[in-house]
Structure formats: structure tokens, C-alpha cells
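*Asks:* This is what each chain is made of:
There are 4 protein chains.
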Amino acid sequence: MKNKERPIIILLKPDTTRRDIDEILSRIAGTGLKPLYMPGIERTVLGAIGDERVLAGLRLENYACVERITPVLTPYKLVSKEAHPAESVVTIGDRRIGGGDFLVIAGPCAVESEEQMCRTAEAVKAGGAGALRGGAFKPRTSPYSFQGLGLRGLEMLRDASKQCGLPAVTEVLEAADVEAVAACADVFQVGSRNMQNYRLLTVLGRQHKPVILKRGMSATIEDMLLAAEYIVSEGNPRVILCERGIRTFETATRNTLDLNAVPFLKSRSHLPVIVDPSHGTGLRELVAPMAKAAVACGADGLMIEVHHDPTTAMSDGPQSLDPGQFAGLMRDLDPFITAAGKRTAAAGIIE
Amino acid sequence: MKNKERPIIILLKPDTTRRDIDEILSRIAGTGLKPLYMPGIERTVLGAIGDERVLAGLRLENYACVERITPVLTPYKLVSKEAHPAESVVTIGDRRIGGGDFLVIAGPCAVESEEQMCRTAEAVKAGGAGALRGGAFKPRTSPYSFQGLGLRGLEMLRDASKQCGLPAVTEVLEAADVEAVAACADVFQVGSRNMQNYRLLTVLGRQHKPVILKRGMSATIEDMLLAAEYIVSEGNPRVILCERGIRTFETATRNTLDLNAVPFLKSRSHLPVIVDPSHGTGLRELVAPMAKAAVACGADGLMIEVHHDPTTAMSDGPQSLDPGQFAGLMRDLDPFITAAGKRTAAAGIIE
Amino acid sequence: MKNKERPIIILLKPDTTRRDIDEILSRIAGTGLKPLYMPGIERTVLGAIGDERVLAGLRLENYACVERITPVLTPYKLVSKEAHPAESVVTIGDRRIGGGDFLVIAGPCAVESEEQMCRTAEAVKAGGAGALRGGAFKPRTSPYSFQGLGLRGLEMLRDASKQCGLPAVTEVLEAADVEAVAACADVFQVGSRNMQNYRLLTVLGRQHKPVILKRGMSATIEDMLLAAEYIVSEGNPRVILCERGIRTFETATRNTLDLNAVPFLKSRSHLPVIVDPSHGTGLRELVAPMAKAAVACGADGLMIEVHHDPTTAMSDGPQSLDPGQFAGLMRDLDPFITAAGKRTAAAGIIE
Amino acid sequence: MKNKERPIIILLKPDTTRRDIDEILSRIAGTGLKPLYMPGIERTVLGAIGDERVLAGLRLENYACVERITPVLTPYKLVSKEAHPAESVVTIGDRRIGGGDFLVIAGPCAVESEEQMCRTAEAVKAGGAGALRGGAFKPRTSPYSFQGLGLRGLEMLRDASKQCGLPAVTEVLEAADVEAVAACADVFQVGSRNMQNYRLLTVLGRQHKPVILKRGMSATIEDMLLAAEYIVSEGNPRVILCERGIRTFETATRNTLDLNAVPFLKSRSHLPVIVDPSHGTGLRELVAPMAKAAVACGADGLMIEVHHDPTTAMSDGPQSLDPGQFAGLMRDLDPFITAAGKRTAAAGIIE
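Protein chains in written order, with the working numbering: chain A, 24 to 374; chain B, 24 to 374; chain C, 24 to 374; chain D, 24 to 374.
Treat each hint with caution, since some may be false.
You can't tell identical chains apart in this list, so a pair holds if it fits in one copy or across any two.
As the list claims (entries may be wrong) - Think about it this way: if two alpha-carbon atoms lie no more than 25 Å apart in a straight line, the pair counts; the simulated PhoX-like pairs of lysine-lysine are: (1) LYS36 to LYS100; (2) LYS57 to LYS36; (3) LYS365 to LYS104; (4) LYS104 to LYS232; (5) LYS232 to LYS100; (6) LYS148 to LYS365; (7) LYS104 to LYS36.
No lab work stands behind these hints, which were simulated from the structure alone.
Build the full structure now, drawing on both the sequences and the hints.
*Replies:* Spelled out as C-alpha cells, the structure:
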């Protein structure tokens, strides 16, 4: 990536001496950047135009006379629309997501058994899903909760995926698991708690399979784009951003689904954006309305928890749809997908 | 309203003595409530069934041995679906909102001049709005910002409303202004900063005009329903709830529009729910996608800022649509409204 | 107040034409402000130095080519340390707060009866409090909760205050009540829900008695300073800022007491800052440790809920101290007040 | 650990049939738990007393008729005060923390060079610190920021630690690094972004060195105690909890330091609690006041960023103290430590 020029604004504290100002200006000039001097009566503002990494090397923020340094442009580059104005299309198995293609990923929160996976896989395929999800490694808040079946779960997911012909999506928890997950799944999912696990992101940046990056519970949109930048800057451009709710003061719902993030991300980045209304609400009866809302505001896909029998689900039962509810939702989504100017991703459309 | 029985759970601290337990149980019984005794090895739990206001009178939370008291049912009653299972329909002028009727309220943030109001009123009417908004009293964070035209602004709003034939919606800031506002407007709007101004709510509860209650920036959904309960319990059932974004850590958008609140409110309350995507995003280009999302998740209406010339707007210019953008949005909304099973509120349909 | 110059930064979108740039620069120059032109390869940044209110009049944010406008200095003036470098001292009755004098305000959440006020007033005086609090008008989330005794409560507060010789502090809910409150109390308290009730702030700005301004539940520190600016800019400089906890995702405590705000406010503003650990925690056993922490980080005073018999308190019983606990806390605070370089405000020290 | 009985409350939806109720009661009874039946007019509440993990196995939350299940006691056990009423003391090198012993950990954010580590180590030792911190692996929001020196950094930390005689504290990013970190450091630090990296926590639970567990940016106090429970339940009781600020809407400071958490954690858990005012504020001038506040509200120690020359720091310069500022803070802390009833941890006091 060619280093771009970008202006940076340096606000000085009141009473900064002329000597301090001159020292900073000459340090800026010494790096080859173009210094700017903007005196005021109350305060002086300095500027610098050029590669901000060169400026960062000066560590001007450490000067006592510097109150604040404001980078003027966004800190992410490769994932930005400025870098790549057209929407990216990512392929999952033989389906496409982004650029007008809409894809639904569905399946249970956790892989529990062969039977559960097969029955749920058939149900989500019948309903019209384009990919199958299922977690083998489950990060759980309490050490006393079910933690997933691990490698055995990965194999069950792979088998169910092959049998029903849907690509498999599963969460990878750390760099050491990437190989094992890659052997069984078509898409890596990075969970909320790992969105800023930069080791994991870096390793996934060297893989060739797509990565679904879920927003951290307290991650800003910019944090999320920077996390994606970790993956893309290592060489893997197949990143799908996933809004799944943030943590706020509201306790009526499990999380606050931040749908503002969808059009905002679409306006700033070329990457596909999907929404997980299951975690984003935590309440079964809110999944369908929020899935429709996600479509309406421009999402490229959905990730929905479905269980062939939610009353027996070992995790997230209260937010899982049963096969009938899922099929009903898929039918109801159709007019919204059409109104949003998108088409449902079909298999085999990639030449 | 007949007092309903509801169970209340009282968790005692470890090591609570038998004497304390007996005292609490006998105080509960003394009020006529039915006491429950649920001993455990680590902890004892007590319960009470009956009118929770009677229980509240005992102030058991003040006992040192009481760790927590959990009311089992919701604290709001009149606005709850349990009290009134069918959706309420509120009439604004001769239009209806709720029960399948969808209404768009549009207009400028602030009334600025006669010309501005007339031109904007014509534009929103042409675009298909069902009511005209415009603020005469503007609560502003800084004392140095434009604070609205006051009474003169109310009159300009009234005149524009009459001329274009759309009912007028405007914010009322305090109890002392209710009469003046009622003389010029068809609908009272309670702003975010006033959602918990209980004096104002109580006075509005004695009026006969509808009240749009905007969610406070840090108000939970339950807080909002309790604020509505203030109005309804005084005798005015014409309350419309408005989601307009909450304050979170995210700074990319002005607020985080909590669309989860829409289906949640619809499932708990019979009151109509509308959404304000202008304040909920703060960014013009996000207004249209989030308006569509609001429709998709079940909102009964929208409140949208429109200005005949946003480049000259005295407040909220960056989030205001111009007439062309508004007309385009209204056309684009149609298939979403239909898909959501609603119809656009037309004038004169009330016999 | 003389208008101060301050630099303002205007970030343009990529591809802004030279014609648009020239138009903006000439509009800035046309107002008499000094325009700044800072071209970059990717983006152009413009600046303006002068009175920001003049710039605000141009409404440049409404131009399609303008991405963001960043005011460089703080928007508050009169309350800022730049305007008034020395710490302000506010007098409450014949005590002082600020400038090294530390004051504790204590009393019940709500005035409930003559006996309660007298007994609690005696207790807080004996414990060493410098002022007596008690609420006559209680804003309550539920319409079914106790709403205070109103005018009768104000009189009970006044009587208890006279009897024990401590100045009286009480909440005022709206502009219409200011006169009645002023007749009975020495200090106006603006509650959290009213921090942005600008009508009320404006009326209090024309009074001569001190105002305790409590931080809104979702108010930023800057919002709070701007609310204080409303009062001071009307002519009443006797404002005391009160940190009382903000609303966050944490539910273990009633609010998250933001003690960072204390040294931050002290470094930016000359106004005295106090802390309310009762509302800031909501838990009796956290009041004492957080009161000590408030002293340690530089607070000028405390506001503490005390009830002569918390088991009978009609509101906030679980966070109220009893007389013995209050006296113990006051003794325990002493070494912290000394270590913080402050002295407890004594009566009669004002000549 | 013996499974404890604890009551669990099951709220049923209105209109639940007698048949559903009986089915649930008989399933509860079938597990050996004691079922409770609490009928009301509007709603029925069921209860169960016994091991909640047995109840969790029934997955009653998946029943359509179940509205909410409320566990009555806390989900953490081993870290709770109920399990272990006396305060735990953890030893770091030959110093103690907890149970009245107060320890300050200080050093640079990142290890940058041998010279930097040695000079800073000498400075913090001279100032009175009891342990040396320094990060070799730096998780950074942007892929373009300095990521730490890695293994070479670990060795520099180890050398500086040996030379100055202070135990070394450093962050470990993932399970694969635990061995390398253990070879160079005396204490593992789990960073905010990893608080819920359960793989890492589990591996650290099998180590014998102490673990400092930093609170996640959006982690509740309960989440934090459950993360500690992961470590302790694997066999390592040497856990130190660290409050370092949470993410809220406030942007004036880098994070909102939640000091409420200190006395709350101390009242619920036996583990030592320390505070990081450097990350908790992000502003150098707030470090000293918030360090004092942390002492005052009961913290057992502090973690403070110190750099021998903050103007050259490669990360977190703006929140780092220089040696003179650190020495001044340590002197100023003394009376607060004494007032809080603690003593500064000295070396060699462990027999």
C-alpha cells in the first residue's frame, strides 16, 4: 500500500511558548512532512500533511504543550470505500454474498449430536438457508456451562454440511485451532469476545477461506473496521462484517442491536455486512422483526440460530427458532429482500 | 383499576435469623397478603402474593436481612398488553395511527420563518406526510445556540398547518406552556430530555390531545412505559411512543437507534410506536435506510426532519432531508409498508 | 463577555471542487473571520479563526462537501478555568464550599414528617454535616410511587433547618416552583432528570441563592458544564457541580459513580464539585468507601442520604445511612480530608 | 466442591395450562430437586431448590410457557466470600498483596529497549514500587501501531527485573505463550481484551504463578468474577482482580474508572482487588487523584504506567508518569494508605 498524505491537526495548550512551537514545527519538517502553522489569540494549532505513521514516530502527543492530536482521516485503509469503491463479493462455498446477493446462514448455536446436526441442517436447507452454522467450541461466561463438543463437534458439523450440501460456518477460538477448523469448515467465524484477538486475526489473514468477523460487545464501528484491517492487511480480503448487538444500559433485550451500523458500514467500507438478530435480541419473538429490519436497512445477509427442537437446546434455546418458525421467516423475508433491491443467493451461480 | 394479585420474591441474606423471618412473614400476613415461605440450605426466600402497593408500604427492602426484592410482573399496568390486548389506535387530526395504519410526521426541526414553514409544509404534504412537525421551543445543550422562536413560532406552525391541511405536532417544554401549545397544535410532543418530567406528563394526562412521548437518551424501555403510564393514569389514553435513539459508547452516529425496542414495545404494550430516524442517526444518508428498517420491524409511523433548504437550517441541518429526498424516501417506503402488513394512513377515513 | 477567537477546523470530502472551496473561503472571509486553507493530496482542510458563533451562522455543516467541523476549544466559557483561573468559593448559609473548604450535606431522600425531619436533622448536625437536605417534590419513575409532600414538605424542611441551624437544600422541579422553594430553602438542587431542563436553569440563573447541579444519568461532562453555563450566563455564579453516577451496562450497582469526573471537572472549571455516593452506588455498604474515594480525588463536598430510621424510609431506604453509620463515616473521613489538603467547612467563618 | 442448594424462581406466562405446570413440576421432582408451586391469580411462579446445574440440565427456559428463570444466588462460587470468608493474600515474588498489604506495580506500558527498562525499573524501585510491569506483546486496535518486541521484550523485562530486584508482571496473549511468559515473568497479566478468553484462563488455572485479571471493557462485575472462577476452578487460587475502566458514553476520559467495583468486589469476593488509574483515565493529570481514590475505597494495590521519558514512549505516553511524578505520587499516597488501614507491602516479610 502506498502511503497516503493526510492532514493531522495538533492543538497546543494555552501559553505554549514560541520556542516549543518552533521545536515541533522543525521536528515535523525534519521528517519530510509539510508543517502547518495556524496561530490564534487563545490557542495555536499546528498541522502536518503526509504519512501519519511518520508523524506518529515523532510521538508529539507526549509533549506537555500538546493538548490533542486529531487525525483527519480514518485510520483504516484497505477496508475503506476510498480504497475500493465497489462493493466486495465474498463467496461461501458456491454462493455469493455482497454486491446484491443476499445470504442466510442458519443452524444451532452449538453442535450437540449427529442427530441434532442432521435434522437441523435439513430444516435450514428446506427453509432456504445458504450456509449451515454450528459451534464446536463455545466460549461461555460461566465455567460451569456447556463448553461445546470440540473436535468431535467439528466433525459432526462437517458431516452434516456434506450431507445437506450447505457450506459450514463455525467459530474459531484461537490461532492454535485454525488448522483443525479449516479442515472441517468453509468459513471461519470470529466471535464477539475475540474481535480484538489480534493474534487470531493475523493468522486468519493468512488463510484463504472467508472470515465472518462479529462485532465485539463494546467495540465501536471503527474498532471493528480496524479489526477487519488486521485480516485484510495480511492478505485475506474475504472478510464479512457481522453486527450482533452491543452492550448498553438496556436490559429488556440481551443486547442492543445497532442497525445504524449497517448503512454506516456500507457507506464507509466495501466489505459485505450481515446481521445476527438471534444474539442481537436474545428473544425468539424479536428475531423475525429484526431480521426484516436488517434486510430493510441494507444488510447483505443474516445469521440465525435454528434448532430442530429448541426446548432441548443446550445453549441459547430461548433465542432459537424451530424449523417451522425458520421456514415462515424465510417466506416473510422475500418481499423485504426484493424491496431492498437484493436477490437471494442461489447455489452454483458462480461461473 | 382493580388491584391485581402478583407474586413478589424476597431474597434474604445468609444467616438471617428465624426471628427476623417470622417478623417479616407476620408483617406480610398483617396486610392481608398471602405470605410464602421457601427455606433453603444456603438461603431462605420469602414470597408474597397480592397487591404490590400494599407490600411496598411495608418497605421490607429497608430490613438489613433483605438482600433483594424482585417484583415478578411488570410495574406498568394501564399501558400493558395484559390490560388491553388489542392495539390502540390514536387519531391525529383526521388520520389514524396504530392498528395497521401507518403515519409519517415530517417537517423542520425548528420553526424559523413563515416562508420556511409554508414551503416545507407544502413539500411534506406533497411527499405524502400525514402530519406536520416543527419546534417553537428548542432545548439546546449550549446556551449560545438558537433556542427557537417561542410563541411566534407556534403561530407560524399553526398557520402552515391550516394552509396545508396537515395536523400540527410540536414539542411542549413545561406544564406552564401546555395551554399555549394546545391553542396552536394538534399533538403534544414530549422531548427526550423531558421524558421523565413527571409534572409535565401529569398535566398532559389531563388533556384531550394526543401525546408523542420520545424516549429519554438513557431511559430503559421500562422507564418509557412507566412515563406513558403517568399520562394514561391521569386519563389521557392517546399516547404514542417514539424510539429516537439512546446514548451508548458508539460515536460514529449521533445516537444508537434501538430498533429492538419497537417489536419489544409492541409485544408488551397496546400503544402505537413510531421511530425518529433523524435524531436516531444524526446523519442524512442514514435516515432512509433506518426509516425502512423501522417499518420492517413493525413501527406504526415515522417522524422525519425535512427542511425546504437544509443548507440554511438553523438546527439539525446535517440530518434533515430536502423535499426531493423526502419524496424519494416516501416512494421507496411503500413496498416495505405493504410487506409489513400496514396501510398508509389517509385523511378522512374516520367515520 | 468579550467574544474570543478560537480556531475551527473544516474537513472537506474527497473530490471537493476548487469552486466549492473558494466559495466557503470567501464566505468565511465575508464574516470578518480569518480563513485558513490547508490543501492535502487526499483531502483539503479549511480553518477559520474568530468568534465561532459568527461561523455557526454560516451553517457550513450543511454543505454537501463538508464532512466534519471540529471546534478546537471547549464550548463553555464562563464556567471554564480559562475564564476564571482561581477556584470559586460558594457560600451555603454561613459555610463555604470550594477553595479548600469541604462541606457535607446530609439528610433524608424525602421529607416524610415533622418528626422524621427533626430527628434526622439533629442526627446529621451531631455527625458534623454543614447543611441539611430533604426532598419535598420527588420525581419517581413510577406514577404509583410516593411523590413527596410538596409545599407541606418544604415547610417541614424549613422548620427543621431553623431548629438545628443548618442551611436547607432541596430539589426544585420546574420554573413555576422556584419562588416557593426559595421561600423555604437556602440552596436549590437541580436533579439528574432536570439537568437539561433549560427553562429551569435559566430561571435559576436569575436567583441569588446557590444551585447544586446534579449530573444527568446520560450527560457527558461537557453537557454538565454547558448546563452550568446556562445558569452562570444569566448572572448567578453560585453553581456547585454534583457527580452522582451515570447509567452504564453495569447492574450490580444502581449507577456507575464516575469519579474521573471530579479531577477532570476541577481541572477544567473553577466551580466547586461535590459527590453523591448514595445515588452513585445505591447500596448502603458502598456509601462510606466511595465517600472516602470522593474526598481523595479532590471533591469539595459530599451529599449523603441519612434517615433517622432507614427501615421506615419511604424512598431510597436501601442506600440511606442511619445516624450511627453517618457519625462513624464522618469520623472516618477526617484523615482523608486532611490528606487531601482540605479543611471541613465550619460555620461563621465568613466575615 | 460440594454442590450447594440454591432456590431458583421460574416465572410462567399468563394462561399457562395446568398440564404444562404439572409437567414442569414433575420434571423438577424427577431430578431430585425440591419443586415449589406458588399460584397467583394473574401468574403462577414455580421454584426449585437444589443444585442449579441439575436444573439447568432440564433447560426449562426453552418451554414456551416459561417467561423467565431467575437464579437466586450468584453463579460464582469458589471466588465468593461465602466460600471463603477471609480475604485471600497473594504473594508476588516475596511481597504480599491483600489482607491489609498494599502493593504498587509500576513500569512502562511496553518494553521498548534495554536502556528504557533498566532506567524505568530503577526509577519505580526508587519510588517505592513492589513490582515491575512491562508489556512484550501489545494488543493494539490498529494493525499499523507498534505491537511490542515479543520474546526479546520478555528477556529485557526479565533482566531489568533481576537487576532491580522487583518481580516482573507482563501480559500473556494466548495459551501458546504461557510457557515463554512463565520463563521470564513472576506474574501473568490477562488484558481487558482477553478477560473472556476462556482457553487462556483455563491454561492459567493450571499454573502456579499469580494472575492479574483485568476487567473487560464491557464486562460486568459478575462477568469478571466468573472469569476468575475459570482460573480458580482449575486449581490456581492466586488471582488478583484489576479494575481498569469500562466503556461508557463519556469521551472526556479514555475509560470510565468504575471505583464502585472495588468495594463491591471486596464485599462479594475474597480475592485481592487492584486498580489501574493509567488506563482507567488515559490522562496523566488524573492518575494521581484516581490512585488516591482507589486507595481510599479499599483497593489492595495499584498498577501505574511509568516511563523514564514519557515524551519518547511508543505507547500510552499521554497517560504515563515520569520518575519524578511517580515518586511524588508514592509520597502523597502514604497518608491515604494509612487512613485506609493498610500497610505498604515490603519485601522479605514472608517467612
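*Asks:* State for each hint whether it applies.
*Replies:* Structure-based check of all given hints:
no.: 1; hint: LYS36 to LYS100; result: between (31 Å within a copy, 16 Å between copies)
no.: 2; hint: LYS57 to LYS36; result: both (21 Å within a copy, 20 Å between copies)
no.: 3; hint: LYS365 to LYS104; result: within (20 Å within a copy, 36 Å between copies)
no.: 4; hint: LYS104 to LYS232; result: within (22 Å within a copy, 47 Å between copies)
no.: 5; hint: LYS232 to LYS100; result: within (21 Å within a copy, 41 Å between copies)
no.: 6; hint: LYS148 to LYS365; result: within (20 Å within a copy, 30 Å between copies)
no.: 7; hint: LYS104 to LYS36; result: between (35 Å within a copy, 13 Å between copies)
Taken one by one, the earlier hints all hold for this structure without exception.
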